[in-house]
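Working from the sequences, and respecting the hints, build out all of it.
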Amino acid sequence: MSRQPTPAAPTLQVEGLSVAVRGGPALLRAVSLTVQPGEVRALVGESGAGKSMIGKAVLGVLPRGIEQTAGSIRLQDTALETLRSAARRQTVAAVASLIPQDPLTALNPSRRIGGQITDRLVRRLGWGAGDAQRRALELLDRVSIRDPERVMAAYPHELSGGMRQRVLIAAAFAPRPSLIVADEPTTALDVTVQKQILTLIRELQAETGTAVLFVTHDMGVVAKISQTVTVLFDGKVMEEAPTAQLLARPSHPYTRALIAATPRYTHPHEPLRPVPDELVARLHQEVAQDDAGFR
Amino acid sequence: MTEPLFQISDLSLALPDMARKPLLGRAPRIEILKQVSFELAQGAITGIVGESGSGKTTLGRVLVRLLAPTAGRVMFKGRDIGQLDEAALKPLRRDLQMIFQDPLSSLNPRHTVGRIVATPLERYGVDKARRRAQEALERVGLPGAFAKRYPHELSGGQRQRVGIARAVALEPAFILADEVVSGLDVSSQARVLALLKELAADMNLTIAFISHDLSVIRSLCDAVVVLDRGAIVEAGPCGQVFDAPQSLVTRQLIDAIPLPEIDDSWFDKAAVAGGAC
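For the protein sequence lines, the chains are A and B, in the order given. Using the numbering used here, you'd call the opening residue of the first sequence number 1 and step up by one each time. Using the numbering used here, you'd call the opening residue of the second sequence number 1001 and step up by one each time.
Errors might be hidden in some of the hints.
Examples of chain A residues toward chain B, derived with CB under 10 Å [to be verified]: (1) Asp119; (2) Val122; (3) Thr192; (4) Val193; (5) Gln194; (6) Leu272.
I should point out that these hints are in silico values taken from the structure, not numbers from a laboratory. Glycine residues also receive a C-beta, built at the ideal position from the N, C-alpha and C atoms.
Below, the structure written as structure tokens:
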């Protein structure tokens, strides 16, 4: 189905993806994007723009009542929509991992950390228990957890927020995935811990060549972690560009407005400008016209 | 130079550490604030910044006297309110208002926006509470029919503006704003920050603005207090503290800001310390 073959086979290729509430409004409107091996692509936009929904669609975890209505998702040359649900889950589990936003709710409070890292390796991917255990220890050590054995035996509440996020990064990288969906992984953290976590993700990603789809609303985080950016508004792609170019010369008015609304530490006296209501109204109108055009 | 609205001196606060309480007997006490001294100038917005666990929120709660200090003085309008009991605090409560981090959980979901803003006015026996509430809502940019809506019908930024309307309707001397924009999009955030700035100037409001985001503090505040493990490591006008930070903690906080510009050396400056528990 891929109309534009790229030199290297992309890790993730999303084409014309539309997602909607069953019998209700559209949440994603013909979204196309690719993530090459080793690339970090940021997805930015305001809440409700559909950033997280793209990750959920890729991982096959759309909330109940929300379904893919058009388009294709290719993960490492496998067209996911051609697979039955069990095979699709198996394929996704083998290839893709999630780093979630809230490290507390993502961990089962009543289970020890170790099992929560090794479960997927053993049960889904058929690793031996010993191998899984060794891999978990190796990764915990890699994410700078000082006493990996003790942390494996600990419960989530015994760890700080930053530690829990390290555990989830270890769990995400443990099966050697080709793609990681990082869904606002630092939004709940302090700036200093955020910097540590971003550094870790960047280092591990560079070591392993894993492709990353990085959901964030923070233009600063975009600048630091990503090579490419996709800007979303109301489920539609507004602009896509290499990160340096997008920050230096944003071509879409919405991107320019998002940047102008971001407080800049180095320019404290520049007034913050919210995204203008007229622009929001115009974009909503354009989206509505597009929707009508599709019918 | 007018007298500062708050003068805090040698404020300490210790609370029982329930995590280490023995089965029988008292819990050991843990010091959360240690001999904190600073002033909040009348009509100024002062940022309170620090990592989580540094005591920002606890300090804020002492200012609005939801907590009483273990030692030290909390001079408000020239009077030590640190150890006043609830009855003595009652007449001061109207002057000490608060805006919360999560506007959804701090607004009663079963009440209309108009009622939410009017209720405190009625409690304080203000005349024409409904009309005053309507005016406060207009003031924060939620005119007309918004008063009839319920919190779930509003966006996050609009809800936060309801929280602001509820606080300013009482015409307080002081507002504590605890992480009020951290849950918002940049666009709503810009709107709320502009509104706070405007209200502070128009109403001569004194605001303590707790945040972990130095970019936000720098663009909004006149002065800043940097906390680390319950103690003040640095305080002063924003220009002074941010242009020439004296303490390591402040410099680390500044270095950790991801600026929206390409800078490959940013990560190299990271001191990836081992994960402390």
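List, from low to high, the hint numbers that the structure doesn't satisfy. 1 and 2
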